[in-house]
Amino acid sequence: MSTAAERLEPFDLRSQKRRADRFGMFVFLASEIMLFGPLFVAMAVYRVLHPQAAAETARHLNLWLGAANTALLLTSSLLVALAVLAGQNGRRRVVAACLLTAALLGVAFLVVKGVEYQAEYVEGLMPKIGPPSPIAGRAPTLFMSLYFVSTALHAVHVTVGALLLAGTGVGAWSRRLPLPKRAMTVEVVGLYWHLVDVIWVFLFPLLYLAR
Amino acid sequence: MGAQVRNRLIVWVALMALLALTVALTFAPLGGFRLAASLAIATAKAALIYWVFMDLRTADGLTRIAALCALALLAILVLLAVIDAAVRVSGG
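Those protein sequence lines, which keep their order, are chains A and B.
If you want the working numbering, it's the 1-based position in the first sequence plus 14.
If you want the working numbering, it's the 1-based position in the second sequence plus 15.
FYI, nobody ran anything at the bench for these hints, they're computed from the structure.
Please note that the accuracy of each hint is not assured.
To be verified - Label-pair distances were calculated between CB atoms; the ranges are: (1) Ser-29(A) to Leu-40(B): 37 to 45 Å; (2) Gly-47(B) to Pro-52(A): 22 to 30 Å; (3) Gly-47(B) to Trp-187(A): 45 to 53 Å; (4) Gly-144(A) to Gly-17(B): 30 to 38 Å.
As the list claims (entries may be wrong) - List time: in silico EDC-like cross-link candidates among lysine to aspartate or glutamate, alpha-carbon distance up to 20 Å: (5) Lys-142(A) to Glu-130(A); (6) Lys-195(A) to Asp-70(B); (7) Lys-195(A) to Asp-26(A); (8) Lys-127(A) to Glu-137(A); (9) Lys-195(A) to Glu-46(A); (10) Lys-31(A) to Asp-99(B); (11) Lys-195(A) to Glu-23(A); (12) Lys-31(A) to Asp-75(B).
A virtual CB, placed ideally from N, CA and C, is assigned to each residue, including glycine.
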């Protein structure tokens, strides 16, 4: 019995294994959605309680950098989706090129986010730290707290995702990840990255476009 | 270029167009509808990513349920929390 056949257990067919792998990954992603869930609930309730403060404080955020970051993540998601197809066809060089470029776009996202955080620190928008704040009162401070907590939690996920993309890309390049036999690895990593993208797709309008 | 590759490229173009639209709407005098519009666009973007990029299009029913149940439950949670807060604010 070959190793590939052993690895397929307890499944009879590769298609069964793929379905089970994807199902398990989506259940994990559900737990990730629930991790971000309370932040979205807090933002929604905040909007109802302090509509004015939300609009005024959101104007301090950099709309264009936020939009640029959305474009970076959407493009990286496209590359990952193309890598999944290439993986199924066993085209390891295409997989590596797509995944490594997507990882670089993820790093670019983090750099832009860092530039934003730095500007917000200088402007005094970080609650409790930094120079004197142009925003006063509990409600605007609460908005900035929600912004920093949710974007930082998201940035952690981008960091993990970019490392996974880079690792999988290098694996595909060096043949340590044999394709198309292990195409599922590319697909599972891809699903994680798409979810990180989807979370940002909702964070962007709720924070930056609240003005 | 295969049909699947073309599909993904078309979806990317649609996603970028939706991004441009949602940013443009920020400068439109929509009042209270702006939040609804930007959330509708975000939902459309997420649907495209789930349906095509995450291949729910070709997935079986069980996988689709696993993918969507957390989003559905979160939507219910947000809705009930917002109704609760709105009723309190309006002096109920």
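Hint check:
1. Ser-29(A) to Leu-40(B): 37 to 45 Å: Between Ser-29(A) and Leu-40(B), where Cβ atoms are some 43 Å apart, the hint holds.
2. Gly-47(B) to Pro-52(A): 22 to 30 Å: For Pro-52(A) against Gly-47(B), whose Cβ atoms are near 25 Å apart, the range 22 to 30 Å holds.
3. Gly-47(B) to Trp-187(A): 45 to 53 Å: Since the Cβ atoms of Gly-47(B) and Trp-187(A) sit about 51 Å apart, the hinted range of 45 to 53 Å holds.
4. Gly-144(A) to Gly-17(B): 30 to 38 Å: The hinted range 30 to 38 Å is violated for Gly-144(A) and Gly-17(B), with Cβ atoms some 51 Å apart.
5. Lys-142(A) to Glu-130(A): Between Lys-142(A) and Glu-130(A) the Cα gap is close to 18 Å, so the pair holds against 20 Å.
6. Lys-195(A) to Asp-70(B): Holds, because 19 Å separates the two Cα atoms, which is no more than 20 Å.
7. Lys-195(A) to Asp-26(A): Status holds; Cα separation ~15 Å.
8. Lys-127(A) to Glu-137(A): Answer holds: Lys-127(A) to Glu-137(A) is near 15 Å, not above 20 Å.
9. Lys-195(A) to Glu-46(A): Not satisfied, since the Cα-Cα distance of roughly 28 Å exceeds 20 Å.
10. Lys-31(A) to Asp-99(B): violated (44 Å)
11. Lys-195(A) to Glu-23(A): holds (15 Å)
12. Lys-31(A) to Asp-75(B): holds (13 Å)
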